[in-house]
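2 protein chains.
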Amino acid sequence: MEHTKGGFTMPGEAGYEKLTLELAERWGADVVRDSDGTKLSDEIIDAGYGVYSTICIIREHNEFGRAHPECLQQTFLSTEPQIAQGDALDVRLMAGFFDQQFRVNDGEASMGYWQVWDRTENVLVPRERWTYREGTVTVTGTVPFHVYTVSFLAYRLWEEINMYNHVTNSWTSEHLMPIDPRLPAAQEYLYGYLDNWCREHPATTVVRFTSMFYNFVWIWGSDERRRTLFTDWGSYDFTVSEKALADFEREYGYALTAEDFIHHGDLQVTHMPPTAHKRDYMAFTQRFVADFGRKLVDLVHSYGKKAYVFYDDSWVGVEPYGPHFPSFGFDGIIKCVFSGYEARLCAGVPADIHELRLHPYLFPVGLGGAPTFMEGGDPTRDARQYWMSVRRALLRAKIDRIGLGGYIHLLEGFPDFVDCIAGIADEFRAIRALHDGGAPAALPLCVAVVHSWGGLRPWTLSGHFHETYMHDLIHIIEALSGLPVDVRFLDFDQVKSGALEGVDVLINAGRAGTAWSGGDVWKDPQLVAAVTGWVMDGGVFLGVGEPSAAQGGWGYFKLRDVLGVDLDTGARVCHGRYTFDVETVPGLLPEGAGVRGLDHLYLTDGKTRVLAAGNGLPTIAAHPLGKGCGLYLSSFQVNHANTRMLLNLMLWASGKGLAQPWLTDTPEAECAVFPASRKLVIINNADEARTVSVATENGVRTVEMPPCGLVIQSI
Amino acid sequence: MEHTKGGFTMPGEAGYEKLTLELAERWGADVVRDSDGTKLSDEIIDAGYGVYSTICIIREHNEFGRAHPECLQQTFLSTEPQIAQGDALDVRLMAGFFDQQFRVNDGEASMGYWQVWDRTENVLVPRERWTYREGTVTVTGTVPFHVYTVSFLAYRLWEEINMYNHVTNSWTSEHLMPIDPRLPAAQEYLYGYLDNWCREHPATTVVRFTSMFYNFVWIWGSDERRRTLFTDWGSYDFTVSEKALADFEREYGYALTAEDFIHHGDLQVTHMPPTAHKRDYMAFTQRFVADFGRKLVDLVHSYGKKAYVFYDDSWVGVEPYGPHFPSFGFDGIIKCVFSGYEARLCAGVPADIHELRLHPYLFPVGLGGAPTFMEGGDPTRDARQYWMSVRRALLRAKIDRIGLGGYIHLLEGFPDFVDCIAGIADEFRAIRALHDGGAPAALPLCVAVVHSWGGLRPWTLSGHFHETYMHDLIHIIEALSGLPVDVRFLDFDQVKSGALEGVDVLINAGRAGTAWSGGDVWKDPQLVAAVTGWVMDGGVFLGVGEPSAAQGGWGYFKLRDVLGVDLDTGARVCHGRYTFDVETVPGLLPEGAGVRGLDHLYLTDGKTRVLAAGNGLPTIAAHPLGKGCGLYLSSFQVNHANTRMLLNLMLWASGKGLAQPWLTDTPEAECAVFPASRKLVIINNADEARTVSVATENGVRTVEMPPCGLVIQSI
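Taken in sequence, the protein lines are chains A and B.
Be aware that the first sequence starts at 1, since it is given in the working numbering, and climbs by one per residue.
Be aware that the second sequence starts at 1, since it is given in the working numbering, and climbs by one per residue.
Treat the hints with care, since some could be wrong.
Since the list gives no way to pick one copy over another, a pair counts as held whenever it fits inside one copy or between any two copies.
Restricting the straight-line Cα-Cα distance to at most 16 Å, the calculated cross-link-like pairs of lysine to aspartate or glutamate (EDC-like) are [stated by the list, open to error]:
| hint | residue 1 | residue 2 |
| --- | --- | --- |
| 1 | 243 | 106 |
| 2 | 523 | 121 |
| 3 | 398 | 486 |
| 4 | 627 | 493 |
| 5 | 523 | 30 |
| 6 | 607 | 25 |
| 7 | 278 | 249 |
| 8 | 679 | 247 |
| 9 | 607 | 224 |
| 10 | 5 | 704 |
| 11 | 306 | 195 |
| 12 | 305 | 200 |
| 13 | 5 | 134 |
| 14 | 39 | 60 |
| 15 | 5 | 419 |
| 16 | 5 | 200 |
| 17 | 679 | 63 |
| 18 | 39 | 259 |
| 19 | 607 | 80 |
| 20 | 39 | 80 |
The hints are simulated quantities; they were obtained by calculation from the structure and are not laboratory data.
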């Protein structure tokens, strides 16, 4: 691979100027940046590179926070359940919570939002039946053996990313407080702070916001056996305050309650379909974040600097595919990535610059607590593994920049890693150059994924793959991220109102009742009929796991008559089952492909074709219907063989056929063709050498591919 | 074992008189019987034995059936779903059904009960929008891409036990029709028939009714790949008719509809909680069966004969634990058994004589279609295996008689089997003699099982073990059938109204939403508080699988705060989980004991003690609460080790302690002590010799037990 330059953001570190500049040269960097915990020195800043400066605008203001404790960010908390034994009950609010993170907000306005619940009866305890004193709520008139909880507002004393880094890396610095810009005093202060900051940092070319104001929720407990009580990358819990609630009521004409957040103690999990109130509150918060965010971006622009947003950590409310994102005026978006889908997520955002921050982060330990740049770590292996996932997505969609973050002094013992990154940077620039010549070709296959969040949150569920691996859909999306097909994301309303026009395959994948499968939305006969009619007219509905599942009425899968399979929830245990033979379609299932089975699955129609089975249950099935087809997979685990299987199944079921040009003969290798520049790029995703043949329009071309290799050829 | 006589019912067979009488002597028989397909000759009848004559009162009347086709039994059927493509749809009613079993009843009264459903919208199609002609319903005004079904009444042309035997054994005789005594003409005819029959059979000492009038439901399809469309041992589908529906409406003041039976195409599965309408209809049918049944029993008695009922096949409506059973006046009940729980079921019925018909049935093939008395069969192994399951239950409750059924000529090639049955008969009589001396002692442990059917259907779910093995509860009940504890069965109303008084352990076991777990009944706060309060006062709630589970509100297991565990249905995927260590309680879990895990299970309380785990999930857990305890098992598979584990867990959790007298030191052996007669009986349930020690009140007693052996000692 030719050594090139540009499109690379280099973490600098004061005290390691020589190393910084050497590595910048080695990796072809054009920008240096600081990180959480590092600073750039003048020597680095003056070396002729662009300069990114990281700002987490809502922290590092402890003096202001101490002077204005009402400006700290908050959240709703709910106590652990307590069983009443007599007619009164004392509930200590903070029992079980991490007292360095929270402090009860017992102000009058706050207490107006507190709730005491009889959870057994599912009724609110009237306000006159409870009192509060010194951290304890006393409930009277309790029903013996009913379970009670108290919901209350708490200030957050410790910004959670700082808390995490502190604990993980044994920092001893002062705990940073999170300031809530919802309060005018805070907003005014933060605006002035940024104004001053811009003035004092003339060398900064890009302000890298990390991110805006509100972190994803991360509630810690006091028990080491369960330190995390709740964390959800997509949740809005940490945006709440008395003022937010009052503003909301004024704007929407109805009041939210604690229960809109606490939700039977389950909280509002992103993986479940949102309530109408949650949707309203999200929209309300998004507008606020965009309004004040735009003012900050305008301020940055007024200093001749650019503003990029890091889409992680305090991203909540930013929603890069939401209606307000363009109004921020960001010049670029930066996404940290482990996976291909995260690269696609970044690439599709309406912004000028799309940058990936690669993993591993240059820290002693990684996100899961495993060693990285220390004894026992193997960062080169990690980097290559992540790159193998990300690279295939880069063939499909253009990314403008990549980079790293963290402490570069940690690299001194890892020369392999430095080489590995050099290779990655050159591969990245070679791929980017292909896109500069015109878009890659795609197969004539339009794939739509439908879930509750639809186009608001394409190419993700909530956070990283290792946080969401238990959901079939993230495996599907990761597979799709590098396939040569058109992919779009729809919500259920769009499906009902014509968005299936032009779609070849509609995917619905997930556990029953989740945001991914859809839950009770499938009780809508219009939705069911819209999909059914579209399939009969030639569409392919691909259901995975418990697609279209909802309790009650006809079938558990509401599209059982499209899929030709259903799941027995207990009511069908006495019904006969079709016996079946497994049918082999030549070339359809690559060697090693297959998915885990699901108990209680059965065929609803003798015409259903079983393509794979395990433990006597179908695992892959196809059901011809009209001009189209229902396709069912019990589950999906992403790997090379299953990724190709997914493509094959979609081509086969939609009648396009498996004999398509520009496909490799082995699932471990993939390729893309760029017609305008007449270039073919082949990648070997395997860690071993492979002989790869590619079906082109003019016959088969065979290439010897090194392990993890990338080859570009003219056609 | 001493060779004894009596208490044994011997199937005789005309043409094999010598064999019949030889075997009767060998097995110590005191009664001979005929079977479905065999007759007794005068030589057998006159040999000095009691004579049982089998009568299935509703069949063998084809001449009457042909003359009165309106007197054939019926059922509701629902067509396979069809998707409308335009604004009209033709539905052929019999498509998919076995045409030798059913014929559409298109009489005017019948058609008044037919229904056409738009299943997609879950609405009934108005009567004026469909017409019927020559087997086909034409629906107009259909909504494109909605799914439609038609529910209709069909006559049943072939009594299903006859149909099954015919097909299984390649019979060529005329198909027998089932006559419905609900119609006065049929009732009058059947009464006269029985009167005549009694007169013509002076040698018969016992009329063995098989059973009363209505078979459990068994709907066959036309497709060999799915011959059984629906079968449910506990269902009342085959009792329906226009007259039954009209009589019901007159009596109850409201009309049942086809949908009360068809129920979204799921039908009314015994394993699901019954609807209120179903309960009413069952009570209505039970009264009818008992009313006409009593008349037939009275008639039998008037001839100086006794009347026994065989509790299988056409048992529907008899319900031997129901309120009407004593009013039949049966002198005895006969139950065919594979398992211990079936022996307990029989033993507890209020009747003078309790008889078990052992398996295997003397037929070439067994119930599952596997060979028995033919090439490839091993009936001796089968008989011993069933006896090992049944025998342990006989130690706990007295059975008066055992016997066999079928063709004895098949035994000629199986001398081992003849020996095996001789041994079983002697063991049976030895055990019966122990009970004659007074009841066995039990541990001070009262165990109650709660489910939707409660005391109406104790000691069973629905049919045999091999039909219900997929339910944890039948495994639990089978384990309980031979344990030295008091066992009772409760419904949920009883639990709410004081029936837990005196109970030490309450068991709730099953999948969410089923009759066994209970379903939405757990949304009743009174029920939840009643169990919670009882536990806090010292009770043990033992939940298995998805106990007390119901969607919505607080927790999925409504007793999560008693159990200390819950199951994540998707809303808790972002919540932290308690880590745990597995705790070892000496002596609690026998070697080899353990249960299969359940995905998505988590601890709700740090105080929950994990006693076993698999794949990182708790499988057995205990949660101390007040003076009592919640006990949780992810599932239950009955075997020797787990049976003892169940006993141990109940003793331990209820604070009784594991050191109880009259327990063996190995789970494969069990014992019972009969205090009045000062006898100890020890059984070895294993197929290998065992040295077994028994803790008695005066120290340990050690016995060498042969494989499958039974030893009786004085104490």
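Going down the list of hints, with the structure as the test:
1. With identical chains, the CA atoms of residue 243 and residue 106 are at most 16 Å apart within one copy only, with a shortest distance of 14 Å there and 69 Å across copies.
2. Taking identical chains as interchangeable, the C-alpha atoms of residue 523 and residue 121 lie at most 16 Å apart only when they sit on different chains, with a minimum of 8 Å there against 27 Å within one chain.
3. Proximity of residue 398 to residue 486 under the C-alpha cut-off of 16 Å is restricted to the intra-copy arrangement: shortest distance 14 Å within a copy versus 73 Å between copies.
4. With identical chains, the CA atoms of residue 627 and residue 493 are never at most 16 Å apart, being 24 Å at best within one copy and 53 Å at best between copies.
5. Taking CA atoms no more than 16 Å apart as the test, residue 523 paired with residue 30 passes in neither setting, with 54 Å inside one copy and 63 Å between copies.
6. In this assembly of identical chains, residue 607 and residue 25 lie within 16 Å of each other by CA distance neither inside one copy nor across copies; the values are 63 Å within and 57 Å between.
7. In this assembly of identical chains, the alpha carbons of residue 278 and residue 249 lie at most 16 Å apart only when taken from the same copy (13 Å versus 48 Å across copies).
8. For the homomeric pair residue 679 and residue 247, neither the shortest alpha-carbon distance inside one copy (56 Å) nor that between copies (82 Å) is at most 16 Å.
9. Proximity of residue 607 to residue 224 under the C-alpha cut-off of 16 Å is restricted to the inter-copy arrangement: shortest distance 14 Å between copies versus 54 Å within a copy.
10. In this homomeric assembly, residue 5 and residue 704 never come within 16 Å of each other (Cα to Cα): the closest approach is 27 Å inside a single copy and 86 Å across copies.
11. Taking the shortest Cα distances, residue 306 and residue 195 sit within 16 Å of each other inside one copy (14 Å), while across copies they are farther apart (103 Å).
12. In this homomeric assembly, residue 305 and residue 200 come within 16 Å of each other (Cα to Cα) only inside a single copy, at 13 Å, whereas the closest approach across copies is 111 Å.
13. Taking identical chains as interchangeable, the C-alpha atoms of residue 5 and residue 134 are never at most 16 Å apart, the minima being 62 Å within one chain and 81 Å between chains.
14. For the homomeric pair residue 39 and residue 60, the shortest alpha-carbon distance inside one copy (15 Å) is at most 16 Å, but the shortest distance between copies (97 Å) is not.
15. Taking identical chains as interchangeable, the C-alpha atoms of residue 5 and residue 419 lie at most 16 Å apart only when both belong to the same chain, with a minimum of 15 Å there against 91 Å between chains.
16. In this assembly of identical chains, the alpha carbons of residue 5 and residue 200 never lie at most 16 Å apart, being 30 Å within a copy and 109 Å across copies at closest.
17. When the C-alpha separation of residue 679 and residue 63 is checked against a cutoff of 16 Å, the pair qualifies neither within a copy, at 58 Å, nor between copies, at 85 Å.
18. Taking CA atoms no more than 16 Å apart as the test, residue 39 paired with residue 259 passes in neither setting, with 43 Å inside one copy and 73 Å between copies.
19. With identical chains, the CA atoms of residue 607 and residue 80 are at most 16 Å apart between copies only, with a shortest distance of 13 Å across copies and 51 Å within one.
20. When the C-alpha separation of residue 39 and residue 80 is checked against a cutoff of 16 Å, the pair qualifies neither within a copy, at 42 Å, nor between copies, at 71 Å.
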